[in-house]
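Undergrad: Below are the chains, spelled out letter by letter.
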Amino acid sequence: MLLIHCPYCDKELPELEFAYAGEAHIARPVDPSALSDDEWRDFLFIRSNPRGTHFERWRHIHGCGRFFNAARDTVTDKFLTTYPAGEARPDISKLTGSKA
Amino acid sequence: MVEITRLPEEARFSFRVAAGGVAAASKAFGVDLPTTIGGMAANGSRRALCLGPDEWQLDAAASERDAVVAAFAGIYADTPHSLVEVTDREFTYQISGEQAEELLTVGVPRDMALVTVGSGTRTLFDTVPAILVREADNRFTLSVWRSFAPHAEELLHIANKEFAAGL
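Protein chains in written order, with our numbering: chain A, 25 to 124; chain B, 1151 to 1317.
Same shape as in the complex, but just chain B (with noise of 0.2 Å):
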């Protein structure tokens, strides 16, 4: 059997920057924004995911969501960009136990061997956009867009339902 829960919302934005203002932008977050598409970089509760290759997504705690709009806001004057808060646009799920990689496999084209631990992309679930996150070998994390979360959360419980029994 595999876990299913959806994760309560933390702050997320969505950031684009050009390749010269990763520099400012990485001292501005405190972590040093990763420029390999699919490359994650953690400090504290704060988190970068590249996502293109001017496009990030960075995750905080609640607790420091102003702290990061106001540090962004800091550096707007010299390094243009664009930072976009999106917290309540996706739900997630965090995805866990031994068979959680096969499970996701019901709905994403990509050959999960691509998908590393530590590593993140947006891909496809089903077909429904989605950012997926391998956090452990076991445990990933699928953000959907709201609207198209109770499609995507019943394809995985009855996926789930199929493996428990032993489909």
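Bound conformation, chain A alone (with noise of 0.2 Å):
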């Protein structure tokens, strides 16, 4: 099983108590309406979906109920930082050590 590091709760814990919620950094546009039918497509289906880091957000749903982001390397599934919601994505050359 998946230990993840809550940041809110700042505990490593079971996959079990968290869920999953998508891509993270997407930000809702802010007037919607002047968007052509493309630009809301891909706001609202068009995902990176890369091989290696990913940003993504989870909920500690079974716990402190908190949203908080994640880093994950989407080959070897290890998370490489946590992190709360509202934070600047981290620069992932530091957590990798390699340019990303």
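Please keep in mind that the hints were generated in silico from the structure rather than gathered at the bench. Be aware that one or more of the hints could be misleading.
[Unchecked claim] With a straight-line Cα cutoff of 20 Å, these simulated SDA-like cross-link-like pairs (lysine to any residue) come out:
| id | chain 1 | residue 1 | chain 2 | residue 2 |
| --- | --- | --- | --- | --- |
| 1 | A | Lys-35 | B | Gly-1268 |
| 2 | A | Lys-35 | B | His-1231 |
| 3 | A | Lys-35 | B | Ala-1314 |
| 4 | A | Lys-35 | A | Phe-103 |
| 5 | A | Lys-35 | B | Ala-1212 |
| 6 | A | Lys-35 | B | Ala-1263 |
| 7 | A | Lys-35 | B | Asp-1261 |
| 8 | A | Lys-35 | B | Glu-1205 |
[Said to hold, decoys possible] According to the in silico footprint, chain B covers these stretches of chain A (three or more CB under 8 Å from chain B):
| id | stretch |
| --- | --- |
| 9 | 25-35 |
| 10 | 86-98 |
For each residue, glycine too, the CB sits at the ideal point set by N, CA and C.
Could you use the hints to bring the two separately framed chains together as a complex?
TA: Here you go:
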């Protein structure tokens, strides 16, 4: 079982307590009616789906209840870091020790 | 063998307030609300358990229910908050005995070493959302929503029988 570090509880806790919530850092457009259909489709459905480091949202639903962000490697399934929602994306090169 | 008993219902509240209102709420409740998640503080029969960054479970004796509601109503104008009585929502089981910790590992995925004496947390028991409190080294309380209680209770008793049989 994966152990996930909850930035609010500050503990390594089992994956069962958490729920995955999609890609992180996708801001809803401020004025949706100004967008073209294609731009709106991109916002709603088009995700990066990378091979490697992925920034994603998780929710500690059976715990503190909070959403937070995580950087996870989609190949090794290892969590590089987790950080509270609202914080800026951390520097990938520092996390992996190599150029991303 | 582990003793599993359902505790009588006392007053139980779900309480949420922004960080700025913690001091006023502590004064109204008469207990300093803990601000670390999992932290617990008590004063007489009143007890506060921190479940999330802005969420607490407040316990009180059944006779103090109205007093708690009135005290929080008094600070509502200056400290907006949410106080919901959830006494009836959950059944609380006390699990005590030498193997209490081992019995709970049947359903709790969390490392039990993280649940220290005098702390509590929301977690899972099997598939059931539960609030687990470690009252003493070998004594826990487990609160589960009443609709899930038959399943949780049954599972506790099955595991207990297996322990008794030496499995």
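Undergrad: Any hints from earlier that this structure breaks? Give me their numbers in increasing order, please.
TA: Per hint list: 2, 3, 5 violated.
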